[in-house]
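There are 4 protein chains.
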Amino acid sequence: MIAILKPTCTLREKAQLVEFLEQRGFRVHLDRNAEREWVGVLGDGAHALERELAAFGAIEELKQESAPYVRAARGLRGESTVVRLGRIALGGPEVVVMAGPCAVESEEQIFTTAAAVAAAGARMLRGGAYKPRTSPYSFQGLGQEGLELMAAAGKAHDLAIVTEVVAAEDVERVARLADMLQVGARNMQNFRLLEAVGKSGRPVLLKRGLVATLEELLLAAEYVLDAGNPEVILCERGIRTFVRETRNTLDLAAIPLLKEKSHLPVIADPSHGTGVRALVPPLALAAVAAGADGLIVEVHPDPARALSDGMQSLTLEGFSGLMAALDPLARALGRRLAGGSS
Amino acid sequence: MIAILKPTCTLREKAQLVEFLEQRGFRVHLDRNAEREWVGVLGDGAHALERELAAFGAIEELKQESAPYVRAARGLRGESTVVRLGRIALGGPEVVVMAGPCAVESEEQIFTTAAAVAAAGARMLRGGAYKPRTSPYSFQGLGQEGLELMAAAGKAHDLAIVTEVVAAEDVERVARLADMLQVGARNMQNFRLLEAVGKSGRPVLLKRGLVATLEELLLAAEYVLDAGNPEVILCERGIRTFVRETRNTLDLAAIPLLKEKSHLPVIADPSHGTGVRALVPPLALAAVAAGADGLIVEVHPDPARALSDGMQSLTLEGFSGLMAALDPLARALGRRLAGGSS
Amino acid sequence: MIAILKPTCTLREKAQLVEFLEQRGFRVHLDRNAEREWVGVLGDGAHALERELAAFGAIEELKQESAPYVRAARGLRGESTVVRLGRIALGGPEVVVMAGPCAVESEEQIFTTAAAVAAAGARMLRGGAYKPRTSPYSFQGLGQEGLELMAAAGKAHDLAIVTEVVAAEDVERVARLADMLQVGARNMQNFRLLEAVGKSGRPVLLKRGLVATLEELLLAAEYVLDAGNPEVILCERGIRTFVRETRNTLDLAAIPLLKEKSHLPVIADPSHGTGVRALVPPLALAAVAAGADGLIVEVHPDPARALSDGMQSLTLEGFSGLMAALDPLARALGRRLAGGSS
Amino acid sequence: MIAILKPTCTLREKAQLVEFLEQRGFRVHLDRNAEREWVGVLGDGAHALERELAAFGAIEELKQESAPYVRAARGLRGESTVVRLGRIALGGPEVVVMAGPCAVESEEQIFTTAAAVAAAGARMLRGGAYKPRTSPYSFQGLGQEGLELMAAAGKAHDLAIVTEVVAAEDVERVARLADMLQVGARNMQNFRLLEAVGKSGRPVLLKRGLVATLEELLLAAEYVLDAGNPEVILCERGIRTFVRETRNTLDLAAIPLLKEKSHLPVIADPSHGTGVRALVPPLALAAVAAGADGLIVEVHPDPARALSDGMQSLTLEGFSGLMAALDPLARALGRRLAGGSS
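Residue numbers (the working numbering), protein chains in the order written: chain V, 4 to 345; chain W, 4 to 345; chain C, 4 to 345; chain F, 4 to 345.
If you're looking for bench data, these hints aren't it; they were derived computationally from the structure. No experiment lies behind these values; they were computed from the predicted model shown. Some hints could be false.
Pairs involving identical chains hold if they fit within one copy or between any two copies, as the list cannot separate such chains.
[To be verified] Computed cross-link-like contacts, EDC-like style, restricted to lysine to aspartate or glutamate with a CA-CA straight-line distance of at most 20 Å:
| id | residue 1 | residue 2 |
| --- | --- | --- |
| 1 | Lys264 | Glu248 |
| 2 | Lys158 | Asp47 |
| 3 | Lys17 | Glu64 |
| 4 | Lys158 | Glu263 |
| 5 | Lys202 | Glu172 |
| 6 | Lys17 | Glu82 |
| 7 | Lys264 | Glu63 |
| 8 | Lys17 | Asp173 |
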């Protein structure tokens, strides 16, 4: 429920209202747009308060907000959130591309990749150091060493870095070196991890779970927002369906839907979304045409020898070709490729 | 299995080979590209013939084709099929848009729509006359009367018409007035209907079933091709998944995949693919960015009063806006909107 | 909508009501249970009549029935429908087992199978004569000859026969020899076929489509009922999901749900529902434990040489073992295996 | 890969083999059954060692095991694992029932429930103290207090207790009071948590993720086994599909499949598996008929007032009715209800 305040509402009245709500066991969320200010009432059963709230003269109107994700909802807000990382602005007119290997494997691999993707116009370097793997016997990533290599490669090529964090206890360590923390699809409902990244001071790239509804994704974002971190980027990365020709089914309708329901930036991952190298470029273009604010793409200098996800990684040339195709497409849509010629 | 013939193969040798195969209970499919000629062996268990075929001197090479849809497969063919309907060419560089109401409801409705979509750049008029409906008590379409209205409206505005045919016994009647016959998602595996449209002399728009794999779709196309009709257009129209925010999940990866596996044109239906009006334009753009050769879109002069599918129909203005956005996008992709300014 | 009539309602009043409704373009469905009689109003928009109907003195109460399948709904009816075929009663306390090969392949095959399944306690012989096949090049069944062989085998072993019919134009011919007509999963929404079997005079075994909701299945049944045939048996045969270890996912919750929503008998097909021989017995037992009124099971004297579906066919011994396990299970549930020792 | 040792293999030879494998970067798993002893080689790329291993005289045979979950696989083992908790034996002939509320809400609630389920024949008490909730604003469980209440209620009624643990850092605390630790569906691939429960010294109830394949589930179990804990119980609790009439689709074929692929006990959760109270008893019976070694069922003294999952909770009477129906069913299957009359 949302209580919209009268323009004449005093600070004292607002404080009384908040106190009343908190005494009843609810949490509150204060927000405003250009014209109005309101109080979101968080918790189950808020509608039972309606009668009592009618007695508060400072309330102009009570709204039963249907969305249970009060902070993530576009709702009364007019504007979209823009997440800034240095010269990068995610959620504005620019289309931001993040690229790099599934896993950091060696110094040479990550520096070669960083150089190539920077030259092609990527603004961020992706790469896994702590890898969540389905089997305990698969390559689990280089850990701290991988993180340091990636940070150095990012610095060398003026790329911000984004990497996955898989456990609450790792957040602090990873946040020291990474510019953006990724919460992977398998951890989308690891609520302790969401709370931890919510306190990390770093923007969070939150991937949709393989079988998550959009409401579940937005409620996961709400955990991060509620922990005090307003910078969440949502990522559509494919859902699991009956289809067997692709690793996952990229649900591109999620992009305009999420942008309608929420003020947060939305990007797409055509690499995991298809699992097939040849499908990455057409689906990357499609995602931007559907309204994505950015892309995260797997690129490897030698996909055939990649320790993980080689089948879906673009070569350096393939990535460069994709960027060349993206540039005119973005312009045709009235946007611009961040890092593209201008 | 495919037997590639030597350049020196005589007509007599070819005839002997065909006779041999047919005596063993197989059917054969003769095809060629610029350089070579081959015989496709159709039926289960062809590989058991390998030894005997080795004795045929006219055979250069035996190929175990993995695709069971010999006629629909891109396989050895170099080129894509282009389906022509007057000035329309489906499967070439132009992006062809088909638009119109879910169901023909009245003369005024279909003429108004036809005029508007033609003006906006559509090349074909879609509309249902014989409607397959989930409930026996829902509006079942105007039948023959609807068909005649649509044909008249198409003629008046220089639009080819495409309409669904729901039973083998209706094919002849519908083919008399329609330029293209649609086989709907529910009938994708109605094999008698596929055989009937395969003998209709009209191009066939074949929609993917709600839960069909791409192999099943291509085998359904194979029924039409095998009945003698080489003009089949495939249509991705959304699959049924766990997602509830949209009516279906538009599987855009199917578009580049189908174009890789088959030489047939591929279009998309963002109306059924999403079921939500606001999502039709972004997904239409996305489908073209993913490589679709065309679109089929539901448009209604007054969606709120539509007898079916009003929720997903664009208004006339909405459609016109979509076409204005498609034009620069198609150009950015090196294609052209059929009917667009040039 | 349903109009429940007063006990005092006269025939004349009932006729006036029906006439009124039909003039407004609605169809009506008269039904009754032990205490009451009612009129179902069929068609979209019936609720708009509420005011006018208030003027009819013979109406006791108007009910907005949520189910759109008025004839298939359990609704006001107290009892379940029992479909009788000679000594067989489907939908009562007995559990009826139908068994036989996927396709009739030869006289020897069908007679051997019939003898064995009859000896093990099956009451009906299943087998395909007209087969719907995904590929045009696969074995399409023996057609009329297969039908005659199956009819003879059924007669010889006192088994009623059930076989699939794939097109409206075949219904009359198949109905001459078969005791029960099966509409397969792919044809669940082939509405012309549903209407045709609705006029066949034979009970209809209606299989749930691979991706059909229960409402869609019940509306498909409604087409048959509405065409005048009250004898429909519903069949859960597995849905298509992301799971790859089984051919389909048998949705056993559908069984108690369908029995709650509808008065029609419900059976299960563990052969197509799993696609794996070793899983057929445990899932057959599970289906009966979940409340199934019967089973339809694929059995073949030599599954390794079956022309179709060999992987999921039980051997004759396997079937006999299943029946031996089913008997005590049915008793533990307070039911009885039709044909079992008693 | 598995290297089966000759009966004559000496300890020294075994040690040399292990050393060789570990030097190449593989991990090893020693196991045996009544007749043979073998070494499992864990890690990607083991097949490349084949030639070198041929030089080891102590190896009788190399087997390419297809299952990547070497410890969880039934493989060469003859027997099933039986997990014992006092008088309870999970995985043997008895069917073990765990019952209790979704969340512990109060002392009265948990003691009332414990008394009733014990009287009806349950052997274990389930209940959530640390709850993973989709929304940050929903009731998150009573935490440590809930755990203590549950432990006391279990003790009072001779019920072992099982409760969910949601984060690695909670494992030690929860393991102090709980007899069995549950890893929930959302955390099935929270690998840090799996490692932590693998070191807890408590049996682990591992629930299948909403969209997990059986291979993924068994690899998750492998994480626990690999961390040193041999006592894992697998739980089928429903998967997410297109079906909307039930909360999830209970995939009962998973039960016999898991028992074939693995030696671990398998139980079912018909409460989450359906989400509908009326469907819990028929699906519970079906799960046992399909071969489940036990059930976990939600029971609440007043489901209408439950703080979570009230819709799917049985009443105390409902649970008692289910147990009365289970007893003869288990006997008909040649098993016995643990705690049932004997």
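Status of the hints after comparison with the structure:
Proximity of lysine 264 to glutamate 248 under the C-alpha cut-off of 20 Å is restricted to the inter-copy arrangement: shortest distance 11 Å between copies versus 31 Å within a copy. Proximity of lysine 158 to aspartate 47 under the C-alpha cut-off of 20 Å is found in neither arrangement, the shortest distances being 46 Å within a copy and 33 Å between copies. In this homomeric assembly, lysine 17 and glutamate 64 come within 20 Å of each other (Cα to Cα) only inside a single copy, at 14 Å, whereas the closest approach across copies is 51 Å. Taking the closest pair of Cα atoms, lysine 158 and glutamate 263 never come within 20 Å of each other, the shortest separation being 35 Å inside a single copy and 40 Å across copies.
Taking CA atoms no more than 20 Å apart as the test, lysine 202 paired with glutamate 172 passes in both settings, with 12 Å inside one copy and 18 Å between copies. Taking the closest pair of Cα atoms, lysine 17 and glutamate 82 never come within 20 Å of each other, the shortest separation being 24 Å inside a single copy and 61 Å across copies. Taking CA atoms no more than 20 Å apart as the test, lysine 264 paired with glutamate 63 passes in neither setting, with 24 Å inside one copy and 46 Å between copies. Within a single copy, lysine 17 and aspartate 173 get their C-alpha atoms no closer than 39 Å, and across copies no closer than 38 Å, so neither meets the 20 Å cut-off.
Taken one by one, the earlier hints fail for this structure at numbers 2, 4, 6, 7, 8, listed in ascending order.
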